[in-house]
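Residues per chain, in single letters:
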Amino acid sequence: MAGKKETDDRFKKFGTVSFTSLTKTNDFITYLEEGKIMGTRCRVCGMTFFPPRADCYNCLSSDMEWFPVTGTGKLASFSRLKYAPVGFEGDLPYTIALLDYGTYKVFGRVAPDVSEDEIKVGMEMKAEVNRLPNGQINFVFRKA
Amino acid sequence: MGKVGIIGVGQSAFVRNYPGSIRELAFEGFKEAMQDAKIKTTDIGASIICSAPEYDKQRSPAGVLAEYLGLIPQPTFYLESLCSSSSMGLRTAYALIQSGLHDVVAVIGFQKMSEITSAESQERMGRGADIQWESPFGTMMPAYYAMHAQAHMAKYGTTSEDLALIRVKAATYGQKNPKAVYRKPVTLEMFSQPDNPLASPIASPLKVGDCCANADGSSCLIVANEEKAKEFCQKPVWIMGLGSASAAVNIAGRDSLTGLSVARASAAQAYKMAGVTPNDIDVAEVHDCFTIAEMMAYEDLGFAKPGEGKDLIRSKETYKEGKIPVNVDGGLLSKGHPIGATGGSQIRTIVLQLRGEAGEIQVKDPEIGLVHNIGGVGLYGNVTILGR
Ligand SMILES: [Zn+2]
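Chains as they are written, first to last, in the working numbering: chain P, 1 to 144; chain L, 1 to 388.
Just chain P, same shape as in the assembly (with noise of 0.2 Å):
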């Protein structure tokens, strides 16, 4: 059709299942392609934003630039699922957790491989990009 613009739904490969396609932070899903993990600065107030976002509400700029997520986090909890949401029922059992690097903190999973009496609030752990069985890509935190 004349005058179709293609579609960059690029985020519907984000996760197990996900349940947006359309965003402007497409580009997250590049970069994790790459092995990276990014999040978002303002090039004008320098606030950092992991999730990352478009928009600045700080200082209302669009202007973003991508920083990589580096180093170790502190894990400030997790819980381990023994049921899960419609769609991820095959990847149980896993357990879910938020890593704590200071200026920001990062939601994901902890790696399969991790054994549960390992896992202890307070530990560091790195995160890693992870390829899903099913083609679809998210990151998961291991052991530092």
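Since the hints were derived computationally from the structure, they do not count as laboratory data.
Nothing here was measured: the structure is a model prediction, and the numbers come from that model.
One should not assume that every hint holds.
To be verified - Straight-line alpha carbon distances no greater than 27 Å define the calculated DSS-like cross-link-like pairs of lysine-lysine that follow: (1) P/12 with P/126; (2) P/74 with L/305; (3) L/272 with L/323; (4) L/155 with L/316; (5) P/74 with L/155; (6) L/272 with P/143; (7) P/36 with P/12; (8) L/323 with L/364; (9) L/235 with L/364; (10) P/120 with L/305; (11) P/82 with L/323; (12) L/3 with L/31; (13) L/272 with L/305; (14) L/272 with L/230; (15) P/82 with L/155; (16) P/126 with L/155; (17) L/31 with L/176; (18) P/120 with L/155; (19) P/12 with P/82; (20) P/5 with P/82; (21) L/176 with L/320; (22) L/155 with L/31.
As the list claims (entries may be wrong) - Listed next, the stretches of chain L that the computed footprint assigns to chain P, with coverage defined by at least 3 CB atoms under 8 Å from CB atoms of chain P: (23) 133-139; (24) 202-209; (25) 242-256.
Stated by the list, open to error - Chain P side only, calculated, beta carbon under 7 Å to chain L, not exhaustive: (26) 18; (27) 51; (28) 81; (29) 82; (30) 83; (31) 84; (32) 88; (33) 96; (34) 105; (35) 108; (36) 121.
Note that beta-carbon positions come from the ideal geometry of N, C-alpha and C, so glycine has one too.
Place chain L with the ligand on chain P using the hints.
Chain L with the ligand only, in chain P's frame:
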């Protein structure tokens, strides 16, 4: 500015699979409140219809319910803040009345969770979080609260047994509440019996017994300005303090997982407006959608210092005879949690307590009561302080 009073309260029984439509369900709570207030529908200037969307097949339920309840042609509108919708409704009614726009407002909460299948409902629950950044990891409400429990345990030494004690208390009073969906007794031992359904793990460290019961139900509050309240009602219960706050939808945006910032902020506002302190509260209803939620509420509301909530439940100070009775109607854990109706039901319990009409669960001579009602996982918070 005059006072604003609650002159009528009502709720349906909270049940599984209500055998009727949403308008019939709403009628049950409305009828009880109208009979309590002894007023006519023409005395009501406006209605606020509160529920959480997506559980109903009906779009824009406000007009449908208002017509069924005889509240047309007065203005009506829909209000939602997830599980705290009807407390937000009361806050909005207060504003409509204090502005002088209306003398009497009805706040009607309802939820028919069984309108859709449980698979559909589970899928909607999964989307009650940040659907862009967190839901793709497979989140659900119990797991988010479980993360709070895990953090609370790590920081303060709270145990699974402490949480179970909260459920045991809820069941003690749920058995006495004819409108509760869960009326069976619960003992601490049940949580350590491997084949007991209550001991079944959901999201560590929370078990089935730590989670509230889904239910269908409705509630209704009739709210009036000082003049009308005194004209219509022998024992109006006055709104002394209102607090309300919001927080980041994503858990990554929260400063702390050992409490809810919305509860602390709402409580501070409500105490200040009412001119009272936590010590002045004689009876409270808190949002115990999970046992850990009640534990955090003890601390967020100032009934206990941070980390000392466990001492309150261990020493039974939140039982009916204790220092600060909490959820003596069975709470969400036993009474059930029909999302949009829950806040109205909590407020109803406190109103009946302050009037001395709570029957078997009556606390001795309370003068000031508090309601803590949370939407989502600490996304929205409302604290309401009521007095005689
Ligand atoms: Zn900025």
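For each hint, the structure was consulted:
no. : hint             : result
1   : P/12 with P/126  : holds, 24 Å
2   : P/74 with L/305  : holds, 25 Å
3   : L/272 with L/323 : holds, 22 Å
4   : L/155 with L/316 : holds, 22 Å
5   : P/74 with L/155  : holds, 14 Å
6   : L/272 with P/143 : violated, 46 Å
7   : P/36 with P/12   : holds, 18 Å
8   : L/323 with L/364 : holds, 11 Å
9   : L/235 with L/364 : holds, 17 Å
10  : P/120 with L/305 : holds, 25 Å
11  : P/82 with L/323  : violated, 37 Å
12  : L/3 with L/31    : holds, 25 Å
13  : L/272 with L/305 : holds, 19 Å
14  : L/272 with L/230 : holds, 25 Å
15  : P/82 with L/155  : holds, 24 Å
16  : P/126 with L/155 : holds, 22 Å
17  : L/31 with L/176  : holds, 23 Å
18  : P/120 with L/155 : holds, 12 Å
19  : P/12 with P/82   : holds, 25 Å
20  : P/5 with P/82    : violated, 43 Å
21  : L/176 with L/320 : holds, 12 Å
22  : L/155 with L/31  : violated, 47 Å
23  : 133-139          : holds (count 7)
24  : 202-209          : holds (count 5)
25  : 242-256          : holds (count 5)
26  : 18               : holds, 5 Å
27  : 51               : holds, 4 Å
28  : 81               : holds, 5 Å
29  : 82               : holds, 5 Å
30  : 83               : holds, 6 Å
31  : 84               : holds, 5 Å
32  : 88               : holds, 4 Å
33  : 96               : holds, 6 Å
34  : 105              : holds, 4 Å
35  : 108              : holds, 6 Å
36  : 121              : holds, 4 Å
This entry does not satisfy hints 6, 11, 20, 22, going by the numbered hints stated previously.
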